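Based on these hints, arrange chains B and C on the given structure of chain A.
Spelled out from the first residue to the last, the chains are:
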Amino acid sequence: MDTHTKIRKIKEFIIERLIFLSGIMSIIIVALIFAFLLKEGLTLFWQVPLSDFIFARNWYPISDPPQFGILPLILGSVLVTAGAAVISVPIGIGSALFIAEIAPPKTKEIMKAGVELLAAIPSVVIGFIGMITLAPIIKSVFGLPTGLTALSGAITLAFMAMPTIVSIAEDAITAVPRQYREAAIAMGATKWQTTWRIVAYAARPGMLAAVMLGIGRVIGETMAVMMVTGNAALIPHSILQPVRTLTATVAAEMGETVQGGEHYAALFAIGIVLFIITFLINGAADLYLHKTKK
Amino acid sequence: MNVYLKQKIAFSVLFLCTLLVIVPVLVILAIIFVKGMSAIDISFLTEVPIKGMKEGGIFPAILGTLYLVLGAVLFAVPLGVLSAIYLVEYSRENFLSRLVKLAIVNLAGVPSVVYGLFGLGIFVLYFEFGASILSGSLTLGIMILPVIITASREALESVPKSFRIVSLSLGASKWQTIRHSVLPHALPGILTGTILGLGRAAGETAPILFTVAAFYLPKLPTSIFDQTMALPYHLYVISTQVPGIPENVRYGTALVLLLLVLLLNLAAIILRYQFRKRKRW
Amino acid sequence: MVAPEIKISIKDFSIYYGENAALKNLNLDIYKNEIFTIIGPANSGKSSLLQSLNRLNDLTPSYKKEGSIFIDNEDIDNADVESLRRRVSIVFALPFPLPLSIFDNIAYGPRMHGIKSKSKLAKIVEKGLREAYLWDEVKDRLDTPAMNLSGGQQQRLCIARILAVEPEIIMFDEPTSGLDPISTARVEETLRELKERYTIILVTNNVAQAARVGDRTAFLLMGELIELNDTKRLFTMAQDKRTDDYLTGKFG
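Chains as they are written, first to last, in numbering that gives the first Met the number 0: chain A, 0 to 293; chain B, 0 to 280; chain C, 0 to 251.
FYI, nobody ran anything at the bench for these hints, they're computed from the structure. A few of these clues could be false.
[Said to hold, decoys possible] Pairs of lysine to aspartate or glutamate, EDC-like flavour, derived with a Cα cap of 16 Å:
#1 B:Lys-160 <-> C:Asp-57
#2 C:Lys-31 <-> C:Glu-73
#3 C:Lys-31 <-> C:Glu-167
#4 B:Lys-173 <-> B:Glu-88
#5 B:Lys-100 <-> A:Asp-285
#6 A:Lys-111 <-> A:Glu-15
#7 B:Lys-173 <-> C:Glu-18
#8 C:Lys-23 <-> C:Glu-223
#9 C:Lys-64 <-> C:Glu-18
#10 A:Lys-8 <-> C:Asp-79
#11 C:Lys-31 <-> C:Asp-229
#12 B:Lys-173 <-> C:Asp-57
#13 B:Lys-173 <-> A:Glu-11
#14 C:Lys-126 <-> C:Glu-192
#15 A:Lys-5 <-> C:Asp-79
#16 C:Lys-64 <-> C:Asp-76
#17 C:Lys-122 <-> C:Glu-165
#18 C:Lys-122 <-> C:Asp-135
#19 C:Lys-122 <-> C:Asp-103
#20 C:Lys-10 <-> C:Asp-74
#21 B:Lys-173 <-> A:Glu-15
#22 C:Lys-117 <-> C:Asp-142
#23 B:Lys-100 <-> B:Glu-153
#24 B:Lys-160 <-> B:Glu-88
Computed from a predicted structure; not experimentally measured.
Extracted from the complex, chain A is given alone in its bound form:
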């Protein structure tokens, strides 16, 4: 082997090691994220038992003594997320069916571009618009002292979940084999019967994954929700009250904490909770997506 080839082979050996390292980097990063959340967050549990952290009803991080119960925050997140799901799931699945099965090709392209456009709008811009236009409407319609409520958050977040739901559900619907449709039509079913009973039925796992990923996005959403929900860390009794979510708490309070202190650790502990929730949701959604492909 001549020297030119030898040098080339050494170079390639190094490049291929680098490729392997980059390849497993995603695993390393996931592990690092979890490790750093644990490193900064676990110290909280020397002072506060895990059950108190999750089930205690008061989040008063700066009173003396501080109380770190995230139940109101969990309920805030659940309320906003559930509200967003109730709005975005039927609308999202409905428009996915329309775009995939009914819209003529040109309209379809325009509608898909519209959905992509929605996905591209930064969350802080959506939050800004929600705060300025939606909140006053909610306030006057329901005669409330403030329009920054769980409902405003749910509506705003519904829009942020929709691009995810529509595009993934549309993929799942389009992936249903053509023969299913042809067989149904050949047996005399109308287009609607085919779409609803056959195509939507066959695409169920993919649509379920779409819904899960949409919900995953909503739970993790931070800026928009912080700007429109009013940020009151109280256990909500109605969807027309201000609430504070897990994400908004971290984003709003981290700037004021003492590094290494209890409050600081508590916010990282919330990060651990968020990480685990989204990990489970995304993992499950991925399983369903793979099921559809098979």
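Same frame as chain A, but now just chains B and C:
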């Protein structure tokens, strides 16, 4: 009920659903364009903010966002492309490759504020980069990594197998084959993914909250260890944290951010379209 | 008659894809500067054998083999795989031009092997194209996309591309299956010329083609070597009934 009437009603409902997704987008865009245009002029784009951000321009925020986005891409693109090469060209179907794919899915789903916490923990504190452009760029870079990897994977997978076989059968090594017969043809797809990642990074706020963003810093950063203002955080600050900001300044800031993000997305869409039209295999 | 020089020696060679045997215990020698044709119906193991000779099969995850192949008395498992593939070239059934210009297609191999000089490359490209009888048709448009050539021209381009890496053995895997009779005749003509300097293995399911160009012919069926003989003999007095049936078109 007549089945055709039923069908008509059903289709109308679905159409209404679609309108409910798309019309608000147009309304949002229209409101921001109409109300924001009046704020935008040369001085708004090129001057530093003054009088507690009530007047002056937003140039430091624009520049800060450009720096952050550039830094994120410099970090994420090489790593993401190499990672995609590993998945498409090197890995076989086994436990490790399944684990990598699962990790990517989860990275895509991690909440942006958790990336912020991670960036704070590892870059700001552990590596002692402080709150700086470097920390913020790296955090954003990790956040857009799944976008880059996924786009690059699709681009690599769309290159026909025959290109690889031909190159190998001519005695080229595996890396030469990838470098000369696969990557050049995957480049437009990778570029599209990169631009989408840019757009995503430009609009994100939560990851930069604790890693770089400055509340009010009316001067330009001079090194990667400086803090900087950034457009999305600036919009958040002037909408919620500072009372008495004139409305058109807020809308103007929102419009600049929106234009930046939409132009990047538009560029990606055009590039993808051009590429599909030109593709010959 | 002088004993012919053995170029390739295949010993007790079997190929499996997962559980399925594609080739069973093959033993044969291929001589230097002959056209060795392999005939047989689909799935008889012909293409699998070719892909083992330059170890392209290594890329197939389910591939397993037993036995050995020697080229110039060296076990190919011990050879550097890149130089092996340079020495043992393959022309596929479908022409696969790379999406590059005509010039860059042919210069691809030499460039990968470290030749950078423009004038050197130009000489190699011209030589390859001349030997593949394509030079006169394309010499004025070397920088146009190779994808624009006709099917027959593309196949000759692929031959020129291989000649540019100066192989010793050229394998043709049904090279004319997609071509019209005139293009086929040109490729066969090229084969006869190439035989002077290269060892040629031709896999074909066109029996008449084997009869026209082959020096010796092997008949494979279901992964087994049924019969091997001088082409003329095989075609005129097949020893095995299955060979006879195949040649006379009773199956295949």
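Original post:
Honestly, which of those hints from before does the structure not fit?
Top reply: Structure breaks hints 6 and 7.
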